[in-house]
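Asker: If you want the building blocks of each chain, they are given just below.
2 protein chains.
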Amino acid sequence: MHIAITGAAGFLGQRLIHRLLKRGELRGEPIRRLTLIDQSEAATPEAAGVEVVAQARDITAPGAFDALLDARPDVIYHLAAVVSSAAEADLDLGLAVNFDATRALLEGCRARGLAATRLVMASSVAAYGGELPEILDDMTALQPQNSYGTQKAMCELLINDYSRRGLVDGLVLRLPTIVIRPGRPNAAASSFASSILREPLNGEEAVCPVPTELELFVMSPETVVAALLHGAEVDGEAIGAFRAFMLPGITVSVAEMIATLREVAGPTAVERIRHDPDPRIQAIVGSWPTRFHTRRAEALGFPRDTDFREIVEAFRVASTS
Amino acid sequence: MHIAITGAAGFLGQRLIHRLLKRGELRGEPIRRLTLIDQSEAATPEAAGVEVVAQARDITAPGAFDALLDARPDVIYHLAAVVSSAAEADLDLGLAVNFDATRALLEGCRARGLAATRLVMASSVAAYGGELPEILDDMTALQPQNSYGTQKAMCELLINDYSRRGLVDGLVLRLPTIVIRPGRPNAAASSFASSILREPLNGEEAVCPVPTELELFVMSPETVVAALLHGAEVDGEAIGAFRAFMLPGITVSVAEMIATLREVAGPTAVERIRHDPDPRIQAIVGSWPTRFHTRRAEALGFPRDTDFREIVEAFRVASTS
Ligand SMILES: NC(=O)c1ccc[n+]([C@@H]2O[C@H](COP(=O)([O-])OP(=O)(O)OC[C@H]3O[C@@H](n4cnc5c(N)ncnc54)[C@H](O)[C@@H]3O)[C@@H](O)[C@H]2O)c1
Ligand SMILES: NC(=O)c1ccc[n+]([C@@H]2O[C@H](COP(=O)([O-])OP(=O)(O)OC[C@H]3O[C@@H](n4cnc5c(N)ncnc54)[C@H](O)[C@@H]3O)[C@@H](O)[C@H]2O)c1
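Protein sequence lines correspond, in order, to chains A and B. Its first residue numbered 1, the first sequence is counted upward by one per residue in our numbering. Its first residue numbered 1001, the second sequence is counted upward by one per residue in our numbering.
Bound-form chain A, shown alone (with noise of 0.2 Å):
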């Protein structure tokens, strides 16, 4: 079993190495192989029996999956992206970046007959947006309102109808919210998401820039990188018409996130979190939409967190091991 995995020095491409390396297989194979691209250096790890080769590499330049390809991995992983904010800064880097260079990767598998491939790209609940249902399911148009979720949903096409003509195996994962996420607050809008629940349980102080009444849609790191493990396993006969949807996620208001965190860690804890209304803030991650009937992950098999309070343990005993 050879691996190739794209934005490998990410959050979730380092995630992904390590269930990968510690798990030893995939498909019921032995990992042998492990062939990482990213633009930084990516952190390497030492595993027994797996040869793992780091390119650094920017995946825009000509010719850059051209060694990954050659090698003719079983798996893909396409995780390399520029986020939402760089995207809308920057529509040529976006389009490159998020677009160009995903076409580039199917050209490349096309050329050299990797229909068998199977390649799991990311996208993200993004690529959703306009006069939504109040619950979402597998038929509900994307009509993004942001560069970033407009390259996905241009990806999701493409991949979708090179998978249609055999000339690749792909599927393409929608993600919900991620949290809790490791490390700092960042400029992203869903930052606080993470960091109400992430500076409490480090005993920091953290601020709440919207309504307690504010629902999001998350999915913890672990059954993210759960649900990228089995993308590469599930049957793609099963997968159906269109190989593109959202992952089950769960539905958290922000008081439910503050309760949990209480039954978890306690008042004083709760007490760290500052309410600071930001209505900018507020006007983006409200937009989100927050309830999905995720039909077709779960058909085909998708784990989904079963519940909050699961998630905060799980983040206080990795951060406190």
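The hints are simulated quantities; they were obtained by calculation from the structure and are not laboratory data. Note that this is a predicted model, so its numbers are computed, not measured. No residue lacks a Cβ here, since even glycine has one placed at the ideal position from N, Cα and C. Keep in mind that the hints are not guaranteed to be accurate.
[Claimed, not checked] To spell it out: a stretch of chain A is covered by chain B in this simulated footprint if at least three of its residues, at any positions, have a beta carbon under 8 Å from a beta carbon of chain B; those stretches are:
no.	region
1	127–136
2	145–154
3	159–167
4	236–245
We have chain A; now place chain B with the ligands onto it with these hints.
Answerer: Same frame as chain A, now just chain B with the ligands:
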């Protein structure tokens, strides 16, 4: 008023040109100039006071749109495309003509600051697919099951994003099946839909390859052209969160089409239809959606055919005059 038309030598391009010249104005302004692009030589009609420039050009060639865009048209109709069967037979050609050329056109508008130029493009019912609901609406997902529909859907997303960013004033109209097309039967799966009316009205034989219960979602050529005109005039602000939607066709069964033929042209006309089932055509056409709530188009005032009999009458008048 300067209007540019790509695909000007095609079926809709030619009809649009004649209607524009007959009308003499668009958005209340006299038409002074028409720039026509097509790879085939477009017929250039004479009209007093209108400068008509025809450019024989392959729109996939570098700089193909330069002369057109340098002249800063007020309205661009982007109708050049390779049709469904050609795009399915040749993925590269479909991507180059249907997608890359559209992107080049958008980039050309952006580079020249043509933010106020209304770009009207034609998309298609072929962009729909997958597990569709019984009645589709403006929020039904595009999950195309063919490369042509994939390329049209990608253009919709890109035009929406360029419009949202204020780089152009775009609008994409998804067209129903056009009935009655003049001319001869062709390789299109929907060819019979025009043929079973047109040939009998012209005293010729026609073949009906589908069961008469089969339904279609149709629009007359006159109404499509009226919709294209309206597409140039509708207020950009009013369009809403997504710059693409389905036009209001009408749902008719083949049995109703034949009954209308009988009303208009009598039983001898109907006897000219030979029923010869073709499972391949049945499978393709039977998968097309036929029932839509086209709320966005209706709210914006797009025209609809009032009844099927009028479509047949109009064709008879046109072809005997
Ligand atoms: N984390 C989330 O909440 C979330 C949600 C939805 C979707 N996604 C998607 O999941 C994927 C991974 O997300 P993440 O959180 O790990 O992101 P991340 O930003 O941590 O990682 C992305 C990686 O891509 C690399 N990259 C960017 N441009 C590159 C280029 N031109 N050449 C080579 N490498 C380049 C970056 O160096 C980075 O290491 C992305 O596709 C992202 O869009 C993430
Ligand atoms: N007629 C329909 O039933 C229907 C339905 C849905 C959508 N559409 C869309 O409406 C538009 C017009 O349709 P039509 O019926 O007039 O099609 P058509 O085939 O009659 O006209 C298309 C024109 O595009 C030109 N063209 C193709 N490739 C070109 C290239 N590389 N460079 C320059 N010109 C090129 C062709 O020469 C042709 O004149 C198309 O975008 C089509 O996809 C049509």
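Asker: Taking the hints in turn, state whether each one holds.
Answerer: Structure-based check of each hint:
| no. | hint | verdict |
| --- | --- | --- |
| 1 | 127–136 | holds (count 5) |
| 2 | 145–154 | holds (count 5) |
| 3 | 159–167 | holds (count 4) |
| 4 | 236–245 | holds (count 3) |
The structure agrees with every numbered hint stated previously.
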